[in-house]
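Student: Protein sequences appear in the order of chains E and D. The first sequence: position 147 = 147 (the numbering used here), numbered continuously. The second sequence: position 358 = 358 (the numbering used here), numbered continuously.
Be aware that a few hints might be false.
Lysine to any residue pairs mimicking SDA-like chemistry, simulated, CA-CA at most 25 Å apart [claimed, not checked]:
hint : chain 1 : residue 1 : chain 2 : residue 2
1    : D       : Lys316    : D       : Pro435
2    : E       : Lys185    : D       : Gly465
3    : D       : Lys261    : E       : Gln188
4    : D       : Lys161    : E       : His44
5    : E       : Lys187    : D       : Arg96
6    : D       : Lys162    : E       : Asp180
7    : D       : Lys419    : E       : Asp45
8    : D       : Lys44     : E       : Asp90
9    : D       : Lys161    : E       : Gly134
10   : D       : Lys173    : D       : Ala366
11   : D       : Lys257    : E       : Ser195
12   : D       : Lys264    : E       : Trp198
13   : D       : Lys257    : E       : Asn200
14   : D       : Lys162    : E       : Leu158
15   : D       : Lys44     : E       : Leu131
16   : E       : Lys187    : D       : Leu95
17   : D       : Lys419    : E       : Gln178
18   : D       : Lys316    : E       : His44
19   : D       : Lys162    : E       : Gly145
20   : E       : Lys187    : D       : Lys264
21   : E       : Lys185    : D       : Asp268
22   : D       : Lys44     : E       : Trp4
23   : D       : Lys10     : D       : Asp268
24   : D       : Lys161    : E       : Val119
25   : D       : Lys78     : E       : His179
Stretch-level coverage of chain D by chain E, calculated; a stretch enters the list once three of its residues show a Cβ under 8 Å from a Cβ in chain E [what the hints assert, rightly or not]:
hint : stretch
26   : 77 to 85
27   : 193 to 205
28   : 242 to 255
29   : 263 to 275
30   : 321 to 330
31   : 355 to 361
32   : 425 to 436
Cβ pair distances, simulated, as ranges [to be verified]:
hint : chain 1 : residue 1 : chain 2 : residue 2 : range
33   : D       : Ser301    : E       : Gly39     : 44 to 50 Å
34   : E       : Glu184    : D       : Glu260    : 54 to 60 Å
35   : D       : Arg71     : E       : Asp57     : 40 to 46 Å
36   : E       : Arg126    : D       : Gln263    : 49 to 55 Å
37   : D       : Gly387    : E       : Met1      : 53 to 59 Å
The set of hints was computed from the structure by calculation and includes no laboratory data. Treat the numbers as computed from the prediction; the structure is a model and nothing was measured. We put the CB at the ideal spot given by N, CA and C, even for glycine.
Spelled out from the first residue to the last, the chains are:
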Amino acid sequence: MAGWTEHQGQAVALPVHNIDTDQLIPARFMSTPRSEGYGQFLLHDLRRLEGGSECPDFPLNRHPQSSILIAGRNFGSGSSREAAVYALVDAGFKAVVAPSFGDIFASNAVNNGLLPALVSEAEIERLMGELNEGGGSAHIHLEHGHIFVGGSEVPFSLDNSWRTKLINGWDDIDLTLQHDLAIEKHKQDRRTTSSWVWPNAEDQNSQVNGSQ
Amino acid sequence: MTAAASLLDKLWSSHEVLAREDGTSLLWVDRHLVHEGSHHAFAKLAERGAAVAEPELTFAVVDHYAPTRHREHIADPKIRRMIETLRANATQHGLRLFDLMDPAQGIVHVVGPEQGLTLPGLLVNCGDSHTSTHGAFGALAFGIGATEVAHVLATQTVWQKKPAAMRIIVDGKLAEGISAKDIALNWIAKLGSDGARGHAIEYAGSAIRDLSMEGRMTLCNLSIEGGGRFGMVAPDDTTFAYLRGRPFAPTGGAFEKAQEKWQKLHSDEDAIFAKDVSLAAEEIAPTVTWGTSPEQALPVSATLPDPSRLSEEKQKAARDALDYMGLAAGRPIEGTPVDEVFLGSCTNGRIEDLRAAAAVLAGRSAKVPGLVSPGSALVRHQAEQEGLDQIFREAGLEWSASGCSMCVGMNGDIVAPGKRCASSTNRNFRGRQGPGARTHLMSPAMVAAAAVTGTITDVRPLLKGRAL
């Protein structure tokens, strides 16, 4: 995953609360290998009419080159499917700006270089107001924590550890393996003080009682 | 004197390998559960040429894509490939796999507890948001994404910032016909679908103590629908009795020793919670959702909201939801005709759920078709021993094999576009049960009532004179 510090792109407004990850990518597409690209599935059912043709009024259809999504409260709630983030990233998105995010979605986003930028409801309205027919150019400064849309500059919040990770494009596994001794010690201590934690071998337990 | 600790504090500190200066902790994972959806994570592991760090603590379950009919010949090549991929990964890494034909196969959040893999004091991870279910045992259990699944596979640890502690106290006695599902929909309706965002919920109070393990699992399962990644209940005698004799649980002296430790897993009396919420059990009625978010829930006796009377913020969402659901503002919810019913899922697919539904359906016929998918093969077996399958079949419902089934529709069990389903599941999101499907969430007993009348119905009159 490549790190980044600044991004210049097109912003699009999706003024809807509670966009859940089932909307971001419907479950039926999730058996697709990632190599085929998930961008085609982003908000698949919301952006299409019943017959399957694209709904011309839908913001993402009107502004197909967007890379910054400005959305409502509780964005990415629901299912832990990281495919929701893959759909955004593969469609070219670099950031989602919203008043709040589902907890699992936000950490999945950071793990894929996608910025979940927290901005107050009032500031979100201001940003949306700056857009022309729901779209417009925007700039994000990750290090300083600011987003610029039209004439407005709005600060966003982001956990410091997440900021560092996005900037450096770190892979957690590499970081964690540097702590292998501490992990091994924790494991051995747990073995000693709480051996019951390790699952019993199945066949040792003769009294299989299934469901009570 | 040490500061008073919450259950969350105690569980957190016993798993913390290290804490970084930025406040992120590296936590040791005691149980890692994987399923077909974990294929992205195994692919990441393969890219690095890494092995599973602790195969002994990693368990694989076929559930999300598990066919509920004709398991021997899976027609859909995509579904077959998902299951075969999990099989190949489990074989390669030496993981115990609960495969399609395993007598203990089932939904991961049903199998874990049923097998005694879930124990108090453990940290349980799974790439599924309903992992909070396992918190019913006093475990620190939370759903993670694919990158984190790969991380746990490779290191048996997970990086996590400690959430804030929240407590939901439910005191009093639930009325007959009211269950954990109603408690959950009730608090989510009150606090919103992000009411517990950033928090770990501990459920406490006399009504929670009175719940069976099945009920506690339903409640903890639905934490995520209120935005809480974690839900938990302090373990007690109900917990210990459930666990004794489970296949992977400690035995004999080891069990007694473990139980001594488990008994200390509760919040200290003066522990501090960032959010504290109280509900009165007596005030909880059978609750159903009417919209496309779990927070859009009301007592069955209520009328559908009039968007113009809601706060400005909720108006548009309510209008859109009523439109999608094909419902008219101001009309009573009760009496809304349904096209079908579904009983099952990690929320309400356990034996107690099937018993509650069967108590309503016994000697009655369903006016609409429906599917019953037990949460596991063992639940199915138990239900058949008790004759519950006969009750469902005689009522006209289909009795099938276990899996996530129509809760998420990945295995092909879906609700047709525009059709209305009374469902014992966890999400009424647009298209969750299939494109254009209209879902009403409710308890298993309420689903059974909807089957009997063909409409959304208060179950309580149907329970009169019946032994529960």
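Student: Take the hints in turn and mark each one as holding or not.
Tutor: Structure-based check of all given hints:
1. D/Lys316 x D/Pro435: holds (21 Å)
2. E/Lys185 x D/Gly465: Since the Cα atoms of E/Lys185 and D/Gly465 sit roughly 60 Å apart, the hinted pair is violated (cutoff 25 Å).
3. D/Lys261 x E/Gln188: holds (18 Å)
4. D/Lys161 x E/His44: violated (32 Å)
5. E/Lys187 x D/Arg96: Holds, because 21 Å separates the two Cα atoms, which is no more than 25 Å.
6. D/Lys162 x E/Asp180: Holds, at roughly 22 Å.
7. D/Lys419 x E/Asp45: holds (17 Å)
8. D/Lys44 x E/Asp90: Status holds; Cα separation ~17 Å.
9. D/Lys161 x E/Gly134: violated (35 Å)
10. D/Lys173 x D/Ala366: Distance of about 30 Å is beyond 25 Å: violated.
11. D/Lys257 x E/Ser195: holds (10 Å)
12. D/Lys264 x E/Trp198: Distance of about 19 Å is within 25 Å: holds.
13. D/Lys257 x E/Asn200: holds (14 Å)
14. D/Lys162 x E/Leu158: Holds - the C-alpha atoms of E/Leu158 and D/Lys162 are around 16 Å apart, at most 25 Å.
15. D/Lys44 x E/Leu131: Cα-Cα ~38 Å, so violated.
16. E/Lys187 x D/Leu95: holds (19 Å)
17. D/Lys419 x E/Gln178: Violated, because 54 Å separates the two Cα atoms, which is more than 25 Å.
18. D/Lys316 x E/His44: Distance of about 21 Å is within 25 Å: holds.
19. D/Lys162 x E/Gly145: It holds: about 23 Å lies between the C-alpha atoms, which stays within 25 Å.
20. E/Lys187 x D/Lys264: holds (21 Å)
21. E/Lys185 x D/Asp268: Distance of about 29 Å is beyond 25 Å: violated.
22. D/Lys44 x E/Trp4: Holds. D/Lys44 to E/Trp4 sits at ~22 Å (cutoff 25 Å).
23. D/Lys10 x D/Asp268: Status holds; Cα separation ~10 Å.
24. D/Lys161 x E/Val119: The hint holds at about 20 Å.
25. D/Lys78 x E/His179: Distance ~39 Å between D/Lys78 and E/His179 Cα, so the pair is violated.
26. 77 to 85: It holds, with 4 qualifying residues against the three required.
27. 193 to 205: n = 4 at 8 Å, threshold three: holds.
28. 242 to 255: It holds: at least three residues are needed, and the stretch 242 to 255 of chain D offers 10 whose Cβ sits within less than 8 Å of chain E.
29. 263 to 275: It is violated: at least three residues are needed, and the stretch 263 to 275 of chain D offers just 0 whose Cβ sits closer than 8 Å to chain E.
30. 321 to 330: Violated: only 0 residues of the stretch 321 to 330 of chain D have a Cβ under 8 Å from chain E.
31. 355 to 361: Three-residue rule not met by the stretch 355 to 361 of chain D, so violated; n is 0.
32. 425 to 436: holds (count 7)
33. D/Ser301 x E/Gly39: 44 to 50 Å: Roughly 46 Å apart at Cβ, these two residues keep to the hinted range, so it holds.
34. E/Glu184 x D/Glu260: 54 to 60 Å: Given a distance of about 27 Å, which is not inside 54 to 60 Å, the answer is violated.
35. D/Arg71 x E/Asp57: 40 to 46 Å: Given range 40 to 46 Å: holds, Cβ gap about 44 Å.
36. E/Arg126 x D/Gln263: 49 to 55 Å: Holds - the Cβ-Cβ distance for E/Arg126 and D/Gln263, about 54 Å, lies within 49 to 55 Å.
37. D/Gly387 x E/Met1: 53 to 59 Å: The hinted range 53 to 59 Å holds for D/Gly387 and E/Met1, with Cβ atoms some 55 Å apart.
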